[in-house]
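Chemist: Sequence:
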Amino acid sequence: MARENKEFTMDIQEGFDFIIEESGNSSINLRKVGWNGRDHKLDLRKWAYQDGKERAMKGVTLTDEGADELTGVLVEQGYGNTKRIVKAI
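Quick note, the sequence shown lines up with residues 7 to 95 if you use this note's numbering.
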């Protein structure tokens, strides 16, 4: 689904949209987003919702290598449910 804003364009890949945290009229989502016509990359970002529209807030876009490194660091630091991680592997 392509979306436009005065400053940039984004395309959120269908089927890869996970809510990580929700609070009030915002959420933090893990998505694959193509910014300004570029290839889709992993994106962890806060989104604000108002009047049926969503607005991208601050976040981070990761390469595949960056996502692998983040995953390793989180697991090494004790984050994640062990059973869930083993099942995913």
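The set of hints was computed from the structure by calculation and includes no laboratory data. Possibly wrong hints are sitting among the right ones.
[Unchecked claim] Mimicking DSSO-like on lysine-lysine, the simulated pairs with C-alpha atoms at most 27 Å apart in a straight line are:
#1 Lys59 with Lys38
#2 Lys93 with Lys38
#3 Lys93 with Lys47
#4 Lys64 with Lys52
#5 Lys89 with Lys38
#6 Lys64 with Lys47
#7 Lys38 with Lys64
#8 Lys52 with Lys38
#9 Lys59 with Lys47
Chemist: Now look at each hint and say whether the structure bears it out.
Modeler: Okay, the hints, checked on the actual structure:
Restraint check for Lys59 and Lys38: the C-alpha separation of about 19 Å stays at or below 27 Å, so the hint holds. The hinted pair formed by Lys93 and Lys38 meets the criterion: a straight-line CA distance of about 23 Å does not exceed 27 Å. Simply put, Lys93 and Lys47 have alpha-carbon atoms about 24 Å apart, close enough for the 27 Å limit, and the pair holds. Pair hint Lys64 plus Lys52 holds up; C-alpha atoms about 6 Å apart against a cutoff of 27 Å.
A distance of roughly 25 Å separates the Cα atoms of Lys89 and Lys38; the hinted pair therefore holds under the 27 Å criterion. Distance hint between Lys64 and Lys47 is fulfilled; the C-alpha atoms sit about 16 Å from each other, no more than 27 Å. In summary, the hint linking Lys38 to Lys64 is supported, as the alpha carbons are separated by about 15 Å, within the 27 Å threshold. Restraint check for Lys52 and Lys38: satisfied, since their Cα atoms lie roughly 14 Å apart, inside the 27 Å limit.
For the hint linking Lys59 to Lys47, the alpha-carbon distance of about 22 Å falls within 27 Å, and the restraint holds.
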